[in-house]
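**Student:** Each chain, written out:
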Amino acid sequence: MINEKLPKIWYGGDYNPEQWDRKIWDEDVRMFKLAGIDVATLNVFSWALNQPDEETYYFEHLDEQINRLYENGIYTCLATSTGAHPAWMAKKYPDVLRVDFNGRKRKFGGRHNSCPNSSTYRKYAGLMAEKLAERYKDHPAVLIWHVSNEYGGYCYCDQCAESFRTWLKERYKTIDKVNQVWNTRFWGHTFYDWDEIVPPNALSEEGEGNVSSFQGISLDYRRFQSESLLECYKIEYEALKKHTPNIPVTTNLMGLYQELDYFKWAPYLDVVSWDNYPGLKTPESLTAMTHDLMRGLKSGQPFMLMEQTPSQQNWQPYNSLKRPGVMRLWSYQAVAHGADTVLFFQLRRSVGACEKYHGAVIEHVGHEHTRVFREVSELGGELQRLSDHLLDSRLQSKVAIVFDWENRWAIDLSSGPSVALNYVNEVHKYYDALYHLNIQTDMIGVEEDLSQYDVVIAPVLYMIKPGYAEKIESFVKNGGTFVTTFFSGIVNENDLVTLGGYPGELRKVLGIWAEEIDALFPDQKNQIVLKEERGNLHGQYECGILCDLIHSEGAKVVAEYGSDFYKGMPVLTENAYGDGKAWYVASSPDEGFLKDFLSHLCEDKGIQPLLKTPQGVEVTERVKDDQTYLFILNHNEASATVDLEELEAIDLLKQQKVSGSVSVPSKGVMILKK
Amino acid sequence: MINEKLPKIWYGGDYNPEQWDRKIWDEDVRMFKLAGIDVATLNVFSWALNQPDEETYYFEHLDEQINRLYENGIYTCLATSTGAHPAWMAKKYPDVLRVDFNGRKRKFGGRHNSCPNSSTYRKYAGLMAEKLAERYKDHPAVLIWHVSNEYGGYCYCDQCAESFRTWLKERYKTIDKVNQVWNTRFWGHTFYDWDEIVPPNALSEEGEGNVSSFQGISLDYRRFQSESLLECYKIEYEALKKHTPNIPVTTNLMGLYQELDYFKWAPYLDVVSWDNYPGLKTPESLTAMTHDLMRGLKSGQPFMLMEQTPSQQNWQPYNSLKRPGVMRLWSYQAVAHGADTVLFFQLRRSVGACEKYHGAVIEHVGHEHTRVFREVSELGGELQRLSDHLLDSRLQSKVAIVFDWENRWAIDLSSGPSVALNYVNEVHKYYDALYHLNIQTDMIGVEEDLSQYDVVIAPVLYMIKPGYAEKIESFVKNGGTFVTTFFSGIVNENDLVTLGGYPGELRKVLGIWAEEIDALFPDQKNQIVLKEERGNLHGQYECGILCDLIHSEGAKVVAEYGSDFYKGMPVLTENAYGDGKAWYVASSPDEGFLKDFLSHLCEDKGIQPLLKTPQGVEVTERVKDDQTYLFILNHNEASATVDLEELEAIDLLKQQKVSGSVSVPSKGVMILKK
Amino acid sequence: MINEKLPKIWYGGDYNPEQWDRKIWDEDVRMFKLAGIDVATLNVFSWALNQPDEETYYFEHLDEQINRLYENGIYTCLATSTGAHPAWMAKKYPDVLRVDFNGRKRKFGGRHNSCPNSSTYRKYAGLMAEKLAERYKDHPAVLIWHVSNEYGGYCYCDQCAESFRTWLKERYKTIDKVNQVWNTRFWGHTFYDWDEIVPPNALSEEGEGNVSSFQGISLDYRRFQSESLLECYKIEYEALKKHTPNIPVTTNLMGLYQELDYFKWAPYLDVVSWDNYPGLKTPESLTAMTHDLMRGLKSGQPFMLMEQTPSQQNWQPYNSLKRPGVMRLWSYQAVAHGADTVLFFQLRRSVGACEKYHGAVIEHVGHEHTRVFREVSELGGELQRLSDHLLDSRLQSKVAIVFDWENRWAIDLSSGPSVALNYVNEVHKYYDALYHLNIQTDMIGVEEDLSQYDVVIAPVLYMIKPGYAEKIESFVKNGGTFVTTFFSGIVNENDLVTLGGYPGELRKVLGIWAEEIDALFPDQKNQIVLKEERGNLHGQYECGILCDLIHSEGAKVVAEYGSDFYKGMPVLTENAYGDGKAWYVASSPDEGFLKDFLSHLCEDKGIQPLLKTPQGVEVTERVKDDQTYLFILNHNEASATVDLEELEAIDLLKQQKVSGSVSVPSKGVMILKK
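Chains as they are written, first to last, in UniProt numbering: chain A, 1 to 674; chain B, 1 to 674; chain C, 1 to 674.
Check each hint, because a few of them may be wrong.
Note: identical chains are not told apart, hence a pair may lie in one copy or across any two.
[As the list claims (entries may be wrong)] In silico BS3-like pairs for lysine-lysine, Cα to Cα no more than 27 angstroms straight-line:
hint, residue 1, residue 2
1, Lys137, Lys169
2, Lys531, Lys567
3, Lys8, Lys556
4, Lys33, Lys567
5, Lys264, Lys242
6, Lys264, Lys508
7, Lys91, Lys177
8, Lys605, Lys123
9, Lys92, Lys169
10, Lys177, Lys5
11, Lys605, Lys556
12, Lys23, Lys173
13, Lys91, Lys105
14, Lys177, Lys398
It should be emphasised that the hints constitute simulated quantities derived from the structure, not laboratory data.
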């Protein structure tokens, strides 16, 4: 992602001058310059200001802000302001207000508050985007469009119900087909007319916490709502592109956000951008995984870090300060995983309302003599010095982990076998092991081409979409190593079970049959007992949550359960298939197992760690043309010594040569240009 | 319960062929035969199929199923399909939809979803039952009618409000009487007109968790709703009986289900049937108690085990598999407690919706080579060999525990003295002690004749209904041993306190006065200190939850409190009254106390354990004519040795003579014909 | 508070003869006399009885009760009966029913159930008060008016919305001003018309647990609702005063009740009265603090203990009995803190509905031979003997703690920095330390004159109202010692941050700047490390919850943080300002610190403990004219020896001289007249 106007890592963030008196504005600019800030995201929540009533549009204030900043060398990431509708609109056109999960019509308030199927909302949001595009299409300050803000939430109003029926008609054509794919004969829920279908919520098929009587309708409603919001985005996208075909368009995503299928959104984002808000106790590997997932949305294309806090958040239970150096470290972690921007929420801390205790570049004290501002300035200087070095470089991974939102929804919605099963946790366990092995990993969707990888891991691949089993088979046949786990291959894209024995369509490639699935209480454990040593993998490990009771149908039994009535049954199998191998992990293993297991698989495929580092030191590598950049990030409280082995390189941040054994300070970062 | 058509323990369960393609049907029959299945429950959730619109009825599919099965030797338990209304009905007649506890009108979805006072629902449910009765009245396959399914839940709609007022008029005649029995002068809630009365829910008198401002109205609303659903049942019952007076009618109950007063229902059930779903951690004695309660609903008449899972459930947090042998063991436990059928939910596991991870005889794999199917088949064979041996035999108990739903509601609704007081737990504590002593016990309602028992225990008999105190007095006068506990005798059937001193109407027979009631925090305990040894009962024990501060008014003080300011006050008293004795246990004791206390009482009355067995080995006895069947059930993980003492008998399952010391394998069962 | 009709500590409580048959009434009077009861609170919940329909009023029953009691020497505290509206009113005029936080229109039920802005409710409540005043204005029995009962709860109906807009217009005049003080530019919530504003609840700006998107509107809605209820009170107050200008008027408050700003109410109460319901585990110092707060509402004027239970409550999870002596001890504790009455809820225990397990003077047993009645009678005798001794005497404190409801609301509503921050807890920590030091303390509002105190402590004074910083400055300038803590001085009365650096307006007097605020997880702790010894204050202590990162701007750094990246930064500072000192405690300290810190401050100002007593022995002092009464209250389970030092006095309860070392029995009380 190289933008000719500003060919460096963009630095800045959300800026809301409309909340402030004019006298503050000059001070802002002075401090932005001190901090090396060159991008401001404007107009995020200004709809009510831009459009004080149905007929009137007012953009002079925005002209002034954009110009003022531009004259001071600061570019604009221009938001469309449609993340929250104006109060007058809610009063005049109540159809913009959502009906919530409990069936309550909401009143004006909050954000994420517009019904995605409201014709009023769609009309005026689209119109706003178009007016902005017309007005600023030739403005040199505008780098990128930022549509709406953090799309999210579902609506259950009558208009959504009507649109859902239309959506269903398009997808399934006949009501008979709907009855079949939702298995409505169960409990006698057969529909004879489209109008009998109502949205699944607390008044109909669902309960709190993803409980549903009918997974089929619940799954489709999630698809429908995710697409409804995407539709809103696309209306704005098209309005913008009509007038500014060459300005990229994005909207800020929220990482692992449950309710939207971001893989469906990604094709309509020119560049992925996202908001990263880890807490003091968030594992670094979870942040890393989320960066990789965001990068994976567009097959490895660099992404934007659209928001992060320079110091603390306001909405967590305990809003710890980011410790000294951590803001910088986590900024570089984003870059290390493919970000080409470092942006904050927000540039100036607001004076009132619920985010006033959210950190900002300019704190309430208003001057530059703060720890936070100093750290922001130092990073700003570094990024200026880094110039365009890293831009558009890519990470190259031979290992991929599959992540699928619809699969996640189906697992979340499943009634049984265990409430302890959490898809994201299971995926993260595998990622975490690779992370600690310094094996670079891609997070990919089910549309991704597998042939670029040596090892593909699909934890709890419960839902097999049409053609995906064949895709895996051909990957393995051609020499790939495939890993999946318990509770995989169970259903099709409508959550209907693939009959004939689990893991359904994956049975052939895995060479096993899962006869039963035991769910363990949190205080119950079983063991993975190796039958023979495989690399580091030996002895026994713990497992739990679910235990598939499997039979080999050709697969080699590598490990067996250590206890309970299925002691001696296989828990880890390896199936030779074509030129490759397909592994099945029949339970949820402990950390030690995964580290030994995955290092064995990687070794077997000749995949080496990027570097051997002490615990807590993260490594990634970005490559552009023939240039390789090695990132070394020390998350520890103490400095760490890293052996660079044969490597001779230039430390880009210090602009000096390094080799041999180097010391990385606590929270320190090195970017080595090989 | 001996049915001439099929004079053996019925074996089979819920079967939903309408959810499946025709090609599966033949396979089903083949496997049913392999498993020894001879009964299928059909038509449970087929209302929408049977009646696709208001005018049309369609039963050909059902004809075909019944015939097909019958031709293959499988009888039908025929459900009426009214457990969930069709979607078209909800759309056309929204009065069938309930209003929930929070006052929300529900939309179509779920089951248990019909307003019990909806005229539409009552009309069409009755009509459906009648049409089925007319159609199948002469069909030789039909063994029994299964009305609706698992009746449950309450409604708070305007129609229910109106019907509630009518119900109140019938019960109380005048509004003055209502004001009096609800004590509405409290908080000035006096009603001057029936129309001022609204259902007690979250919008009026109640809060979450049985919190109520007025126990009187809340108690009556529970009575009214339980009776409203019973009314629905009776409409179908009468429609069925009109055409098939000789076919028994039942509906499947749910054991300890809180919301319905099953003792009020039992007179209208020709045979009690119920659904038994213990989990891995459910105490065996709780299952046993529930069987005994279900048997007690009709004074000891054998009952039907209508549903159980062959392997696992889907709706528990952790759905463990039933360990090998456990399905068989628990099936025989039901029989040992009076069941004359062993039926499953379900015969074939569904392909979609929320119960697809609920176990079934035929699993998703679809063939017979599964552990579950093998266990089902083995049991099927055994039951065929048992033939009519056990049918209609009875359990004979000299000890009874009183259980009363209205008493339970009143305790649940009570504001104070302690949230820790749980009626079912207190009852179960007493049952559990007897269970471990191998003392066979009946669970009886307040209508039951007490003269057949030597010992009657009524834990926390908070509510004394009209005449019940006299019934107890006469039982004791005639030599019986009566036991009750703290917080008993407090209120009448309207939850109005019996003035003049606790335990109110029981004060005379117990010879005590309870001056105050202390509620203990969970971390507080008191002690039961024996004043003299009574059999095993000696030394001291722990107690808690509530401590009544009692004074003897003639009763012998057997034990005193060991601490707090009421140290030295009586905690256990025995009152000689007529030829019998009435005991009062003034606090909630520990397990050890109850075992020693109850064994003392039984010894005193010459009641002997059925057999002395190691821990974990359950024993019951069924008797028919002069024939006695002794059940020995080993719940342990290891085999157990049981000393049969003088007994010489035939092991019915192995068809061999046994005597002396026998070994019962882990999860094993013996049925000894003396 | 000396009432000529009954110049002694009033003794009695809530009495509801209308719930009882006439035959009980004589028995009541007999027992009241036995107990020394001379005041009965009548008519609390009799609206439906007094006004059976819109046109009819009926007071004959009340006449009879008042007369009957008066003839027996018992005076009346006359309630206006408007604490719960009649059922007929709810049916005929649904505008009296509230809409709850979730937007649900309630139906008839409960209490606290009238919309405070309902014109129907206001009209008929006012009319009822007026009719009562007219009728009883000359009745010699009536001592005081008791308006409604325990006002509380909020409403969110359309009428409230309309009244809220009117309230806002009066307060802010223009919609622009509203936009400014609520900072509506944030999230684009700008209002262009008053009608666009809706109440903040679960359908608009708020979530469960004081979560709000806009603190400004939420704060104003709390003010508005508190004032709306006060408005209802004032309507009755004025109706009463019109006819009985000389009879005092009160309403019973609820101590630390969150939802009403009692400091705003106090000016309209002729005397403060409140209901005191501690539980077994409530710290005695919390009860003491609440008494002091209630006394502080009217600047030290004696208050009424309007309700307490003689034995147990019904609405706590575990309703322990008050141990022997505790009712007496806690009654005297109230008197020791300024109460001039001892009243119970209730005189006779009700027979039905939710308070039947709430203790009463006359228990369900109905006679006087109970522990509870004996204790009540003994106290009754003592209070008669005490005569007018203590009446209208005052407590004199040199230390005050500031308590402010609006500050509390703002802290509760704050999004960030920590959910662990609880204003009442923080205030109580300081109070508790002084309590254990036997330093008498006033609880004061922000309107109170500070010049009467030597030490003023304002824990977490987050919100600084106009002029309050100046008030503190002048207090310190004149020699006072002021203490405040972390998270103080942050916002103005609209929850808008005071820009320029925390603690905002307090920065000058404190001589510090708080740069950042760290929120600690519950398992995180920091340390307060003293730089030098200050009295008892030395070594190190623990602290947590929030840690302000402060810089001295002139203040002396007395202690530093002991760990984390801000180790060595100031955690305790003392700033000389004028003749006084201003202290800042930058984190939430442990108990040990506060005891040492506050004893140091008091010593420094020459404030001595009233007496040195063993742990658990509380001391207060009331003074009238030249007479001093010293209260010694032993809360321990064992007797305690108290050294009276030089003091020679008369033990008022025993009517004997005491001096030297005296033994106070467990739960015992001494009132020493010096």
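**Student:** Against the structure shown, which of the earlier numbered hints fail to hold, in ascending order?
**Tutor:** 1, 3, 4, 6, 8, 10, 14
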